[in-house]
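Engineer: The residues making up each chain are set out below.
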Amino acid sequence: MSTTQIDLETAVKQAKDRLDEHTYNTVQRHFHDSTGCPFWLSKKSELNFDPLTEVKVYDDLKKFPLFEDDWLRGGPVERWRMKDHADRPTYVFETGGTTGVPKSRVVVDDFRIDYEVFSETLPDEYFPKGGNWLMLGPSGPRRLRLAVEHLAQVRGGISFCIDLDPRWVVKLIKKGWMEHLEEYKKHCIDQAVTILTANHNIKCMFGTPKLIESLCLGLEERGTTLAETGITGIFSGGTEFTPQWTRYCVEELFGGPPEESGIYMTPTYGNTLMGLACSKPVTAEEKYKISYYAPQPRAVTEVVSFDDHNSVVGFGETGRVKLTTLTAEFFVPGFLERDEGEREMPFETFPWDGVSGVRPFHEIAAATTVGVY
Amino acid sequence: MLEIPAIRWGKPYESLETTEVVHFNTGEAIARVSSANGGLVSRDMRKAGEARKILKQFSIEDLIAKVAQAADLFENETLPLGSGTQTADEFVVHQSASTGLPEHMCRSNMQKNCFVMRNMTEILQCLTRGLDLNILSRGYGMESRGVVVSLQAQTPVLGAVLPSNSPGVHTLWLPVVPLQMGLVLKPGSSEPWTAYRVASAFEKAGIPKEVISLYPGGHDVGGALLTSCSRSMIFGSQKTIDQYAGNPKVQVHGPGFSKIFLGDDCVDDWEKYLDVMVESVYVNGGRSCINCSGIFASRHTEEIADAIAQRLGPIEPLPPEHPDSGLAAFTTDGVGKAILAMVQQDLEADGVRDATEPYGDRLVEQERCSYIRPIVAHANSPQCEIASKEFMFPFVSVVKCPQNQMIKAAGSTLVGTAITEDMDWIDQLTDATNIDRLNIGPIPTNRLNWLQPHEGNLIDFLFRSRAYQMPEEKVAALVAG
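Those protein sequences? They're chains R and F, same order as listed. Heads up: the first sequence begins at 0 in numbering that gives the first Met the number 0, then just goes up one per residue. Heads up: the second sequence begins at 0 in numbering that gives the first Met the number 0, then just goes up one per residue.
No wet-lab data here; the hints were simulated from the structure. Worth double-checking, as some hints may not be accurate.
[Claimed, not checked] Pairs of lysine-lysine, DSSO-like flavour, derived with a Cα cap of 27 Å:
id, chain 1, residue 1, chain 2, residue 2
1, F, K203, R, K185
2, R, K174, F, K248
3, R, K185, F, K248
4, R, K173, F, K248
5, F, K238, F, K248
6, F, K46, F, K203
7, R, K184, R, K102
8, R, K43, R, K82
9, F, K238, R, K173
10, R, K82, R, K55
11, F, K238, R, K184
12, R, K286, F, K10
13, R, K43, R, K62
14, F, K248, R, K184
15, F, K388, R, K173
16, R, K174, F, K388
17, R, K15, R, K62
18, R, K15, R, K279
19, F, K10, R, K288
20, F, K248, F, K46
21, R, K184, F, K46
22, F, K238, R, K174
23, R, K170, F, K248
24, R, K185, F, K46
25, R, K43, R, K55
26, R, K173, R, K102
27, R, K15, R, K43
28, F, K55, F, K248
29, R, K170, F, K238
So here's chain R without its partners, still in its complex pose (with noise of 0.2 Å):
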């Protein structure tokens, strides 16, 4: 056995033992009547065990029921609040919504947290400290866009934004309004052009993958690039990626890797519930597969089989995401995801479990409209 290889052992080790931890001190705060939120401490009557006693490690989080994200419909939202932070400015956030109630997470300090974590993730040569952003993406009721401005401010920056409203781009796709859809892309990609040419020094951005690809695409036609207005970092996120498109993407809009075009982009995972799970460099050599690591311990993904969501699968082996959420002030015990993807190995930047190659669960993908900005 290689030095390497124990080293790499050791660390899985030590990572495994910080979130035992983590997780019994995360469970002891949720269930504790002084600092328990409302929901959780009345959701502790349906529960065959105590979770104050009986949850000592990360595996002992099996014994809860899934996570149904449909709890988290409607309100009042206060029951999500921690005892000990009724006196914290809190912000709501939603997700989905385009018919029906959003599901909302209530958050006093995790965006902050989760996006200085992954701040310390991005190389500061392509995403220069003092640098400013364009946030393109979602605006309205969701976090991204004051998580992305938090991070452009921990970083020394500021954040440029535009409108966009996610719910109604659904609606487009839905009425089958194509002409209205291209239409309002072109309203969000002018927005941004003239966000970018207006003199901002703007250096780094966040894009989901269609509105990079429609950015590149636009500045194309103006006659520009995207290396020419001075971006060098972009983190993307919000919908499904695909090894092909971020290929494409790199190859072909941006103009090569980084050390040719100077542009870096890193893809990410998550959501509104989880986080942000950071990617393992992207590169050519491995064919662009792009494996997540969520940020343990304050979010586990894992990849377990289709029939025993208690059980991982193998490594490299396929079966759908299960996240847990583990801060201070959100817990969520074992919630399947609308993905599937592979198991993926440890590695010394995040010596705990990846997913890789992650797409909508094949049994609900057909009924589900994804990447819709």
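Assemble chain F onto chain R, guided by the hints.
Structural biologist: Okay, now just chain F, sitting in the frame of chain R:
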């Protein structure tokens, strides 16, 4: 296994995403096809103008000759295909294996494509109504009656989102290259064969490969193609038709709802026309939009339904290589069952009778595919839901309907065969705007005369006729030149 790349203006592009084309009966993978992505298409379309520039270096006459040469290559030769080659026989086997269509039908569709490629001069003459083809190339010219005309190309390329389940539609886009326009095709996921083989034959016949792009892929590819090409065609369902209705950039080809009308003056002799009716329903596995899905008559409808059922009802699926195989397989899991459930719902309505009921179960499920045996329904009136339905297998409703209500009750009809000698009614049929192709007399709906301008005339779609005035001396020079 064949590896088939996307083709970007003649250059192969191996995608990181691929889909397998599998044999419907054995599950064996026949080819692995690269999937493009939408953005790639949109970006490539920026260079669409080059395709027309390249093709305009050839005369239309020259291109017609090359396409005719391509017909021979398409029909007989071993041609490059991705990582390997494909013989003509392999083409037939591959197409049958992935679409479920019997091999003899694939061969027949192949011949149909070749006919169009070989007879391009005549077909273009018909589509242009005898116009000097140089006018299309130059953009203006002198008509034979001595008037300056201009036909302005509306696009440098034609885009087409091709179907997976109906290899007979390719004839519609074949005349595009001779019109000096490039081709941008999204082949159907189960039927990449024709588009690739035509491209290969064109190249071998001397047509520059840079004028053709082939983008297999998902819905985003189709969407990007339709958005970025100034003119494109798509083949799909009624939903697709509704979605693109009124979009001048997109020509939609969907269900045909083709019909046979038996006039009161002929209907008592209906037995004489039984062969015409059976052929119209059954040929090509009932998969074409030109297959008859409705037979309208004012009397004898029960007898007609029973007589057709007697001919079609006993038909069983046969292996695809069998020369008498007449039914096409549904190659996607559960599709046959789902379609039959829809038909059965309509068959249970009041006033409807399944004339094929005595001939046994209609659904034949095999390990990896399913078949639906022919269904002949009798409907007491055109108000019955089933009277306005079309399905992808030999299916027809024989509808009892007074002659004076038939035209209106027929609704949208791609091919209408009216068996009558009643001149007043023929006049009404001629004026009926809901009937596209009209046959007067016992002509099966599937027998198209390619030398007749047809639905969605390609010239009207790709060119715009406009006023073009010139001083008289220039007109004279034009005449002289």
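Engineer: Each hint should be assessed against the structure and marked as holding or not.
Structural biologist: Structure-based check of each hint:
no., hint, verdict
1, K203(F) / K185(R), "violated, 41 Å"
2, K174(R) / K248(F), "holds, 19 Å"
3, K185(R) / K248(F), "holds, 19 Å"
4, K173(R) / K248(F), "holds, 21 Å"
5, K238(F) / K248(F), "holds, 17 Å"
6, K46(F) / K203(F), "holds, 23 Å"
7, K184(R) / K102(R), "holds, 25 Å"
8, K43(R) / K82(R), "holds, 15 Å"
9, K238(F) / K173(R), "holds, 12 Å"
10, K82(R) / K55(R), "holds, 23 Å"
11, K238(F) / K184(R), "holds, 24 Å"
12, K286(R) / K10(F), "holds, 20 Å"
13, K43(R) / K62(R), "holds, 12 Å"
14, K248(F) / K184(R), "holds, 19 Å"
15, K388(F) / K173(R), "holds, 25 Å"
16, K174(R) / K388(F), "holds, 24 Å"
17, K15(R) / K62(R), "holds, 18 Å"
18, K15(R) / K279(R), "holds, 20 Å"
19, K10(F) / K288(R), "holds, 24 Å"
20, K248(F) / K46(F), "holds, 18 Å"
21, K184(R) / K46(F), "holds, 22 Å"
22, K238(F) / K174(R), "holds, 12 Å"
23, K170(R) / K248(F), "holds, 23 Å"
24, K185(R) / K46(F), "holds, 21 Å"
25, K43(R) / K55(R), "holds, 16 Å"
26, K173(R) / K102(R), "holds, 20 Å"
27, K15(R) / K43(R), "holds, 26 Å"
28, K55(F) / K248(F), "holds, 22 Å"
29, K170(R) / K238(F), "holds, 17 Å"
Of the hints listed earlier, the one the structure fails to meet is number 1.
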